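Engineer: Below, each chain spelled out in residue letters.
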Amino acid sequence: ILNVEQSPQSLHVQEGDSTNFTCSFPSSNFYALHWYRWETAKSPEALFVMTLNGDEKKKGRISATLNTKEGYSYLYIKGSQPEDSATYLCAFMVGGSEKLVFGKGTKLTVNP
Amino acid sequence: KAGVTQTPRYLIKTRGQQVTLSCSPISGHRSVSWYQQTPGQGLQFLFEYFSETQRNKGNFPGRFSGRQFSNSRSEMNVSTLELGDSALYLCASSSGGRLSYTFGSGTRLTVV
Chain A
1 ILNVEQSPQS
11 LHVQEGDSTN
21 FTCSFPSSNF
31 YALHWYRWET
41 AKSPEALFVM
51 TLNGDEKKKG
61 RISATLNTKE
71 GYSYLYIKGS
81 QPEDSATYLC
91 AFMVGGSEKL
101 VFGKGTKLTV
111 NP
Chain B
1 KAGVTQTPRY
11 LIKTRGQQVT
21 LSCSPISGHR
31 SVSWYQQTPG
41 QGLQFLFEYF
51 SETQRNKGNF
61 PGRFSGRQFS
71 NSRSEMNVST
81 LELGDSALYL
91 CASSSGGRLS
101 YTFGSGTRLT
111 VV
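Chains as they are written, first to last, in the working numbering: chain A, 1 to 112; chain B, 1 to 112.
Chain A extracted, bound-state conformation:
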C-alpha cells in the first residue's frame, strides 16, 4: 500500500513569516511528485510537478525541492500573505500508473 505523509497537518503563521511543509513518499518506483494548492470551495490548483531527484521549482514566493532517493519533498513559502491561506496537497505518482496518491494535506492559515 502506497502511503504519502504530509506534515504538519496544520500551521498558523503571521503575515510576513516564511514557512515550509514536508511531503514523504515511497522512494521506490518513483515517477513524479505533484504539489497542489486548494482553497475552500475551489478546485485544487497545480503548483509544481517534479520528476528528477534534486529538482527545485519556484513560482513567485513559493518554491519546492525534491529528494527521490530518500523520499521527501519540501514546499517553502517566503513572506506568507493572507491569500496564501489554503490546504497544500502533495501527490505521488508511481511508474506505469495514472493514479495520484495524495497526502492528507497541510492546512495553512496566515493571520494578518
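Simulated from the structure, these hints should not be mistaken for lab results. Note that this is a predicted model, so its numbers are computed, not measured. Among these hints, one or two may not hold up.
[As the list claims (entries may be wrong)] In silico BS3-like cross-links for lysine-lysine, where the CA-CA straight-line distance does not exceed 27 Å:
1) A:K58 x A:K104
2) A:K69 x A:K59
3) B:K57 x A:K104
4) A:K42 x B:K13
5) A:K59 x A:K78
6) A:K57 x A:K42
7) A:K107 x A:K57
8) A:K78 x A:K58
9) B:K57 x A:K42
[What the hints assert, rightly or not] If you anchor each label on the Cβ, the simulated ranges turn out as follows:
10) B:E52 x A:H12: 24 to 34 Å
11) B:R63 x A:S10: 30 to 40 Å
12) B:R9 x A:H12: 27 to 37 Å
13) A:L2 x B:L99: 12 to 22 Å
Glycine is no exception: its CB is placed at the ideal position from the N, C-alpha and C atoms.
Let chain A serve as the given structure and place chain B on it in line with the hints.
Structural biologist: Frame of chain A, contents of chain B only:
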C-alpha cells in the same frame, strides 16, 4: 479556455438510491480521473478513463462505476448508496500525459 466542469455541485440522496455524477473535461483532454475525499482522509483514487477505456481502477467496491463518452465527458455512478459514500467527488482531466492534471470543483454528495 473553460476549465473542468462537474455537475451537480451538491446532491442529497437517500441510502439505497443510486447517483450519477458528471464531469466535462477541458476541451481536447482525453483522460478523466475520479477521486473521493471523505472527512479526515486524503483524496482517494477511484478510476481513470482514456478514450472511453478504463485504464486504472482504485480499491473501491463494485458499486462504484464509471464510463467515458466519445466527447471525453465522463460519468461516475454509485449504486445502493451507503452513508459512508457521503463525500466530495473530484474529477481531473489531462491531455493524456501524466504530468498535468486540472481538477474540477467537485460534487458534494450527502447520503441520508
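Engineer: Against this structure, judge whether each hint is valid.
Structural biologist: Hint by hint, here is what the structure shows:
1. For the proposed pair A:K58 and A:K104, the alpha carbon gap of about 23 Å is at most 27 Å, so the pair holds.
2. A threshold of 27 Å between alpha carbons decides the hint, and for A:K69 with A:K59 the separation of about 24 Å falls inside it, so the pair holds.
3. For a cut-off of 27 Å, the pair hint linking B:K57 to A:K104 stands: about 20 Å separates their Cα positions.
4. At roughly 23 Å between alpha-carbon atoms, A:K42 and B:K13 fall within 27 Å of each other, so this suggested pair holds.
5. With a CA separation close to 11 Å, the supplied pair A:K59 and A:K78 stays within the 27 Å bound.
6. In summary, the hint linking A:K57 to A:K42 is supported, as the alpha carbons are separated by about 24 Å, within the 27 Å threshold.
7. A C-alpha spacing of about 21 Å is found between A:K107 and A:K57, which places the hinted pair at or below 27 Å, so the restraint holds.
8. A C-alpha spacing of about 11 Å is found between A:K78 and A:K58, which places the hinted pair at or below 27 Å, so the restraint holds.
9. The straight-line distance between the Cα atoms of B:K57 and A:K42 is roughly 25 Å, inside the 27 Å bound, and the hint therefore holds.
10. Distance hint check for B:E52 and A:H12: the Cβ-Cβ separation is about 46 Å, which falls outside the suggested range of 24 to 34 Å.
11. The hinted window of 30 to 40 Å between B:R63 and A:S10 holds, with their beta carbons roughly 33 Å apart.
12. With their beta carbons about 29 Å apart, B:R9 and A:H12 fall inside the hinted range of 27 to 37 Å.
13. Against the hinted window of 12 to 22 Å, the Cβ-Cβ separation of A:L2 and B:L99 comes to about 18 Å, which satisfies the hint.
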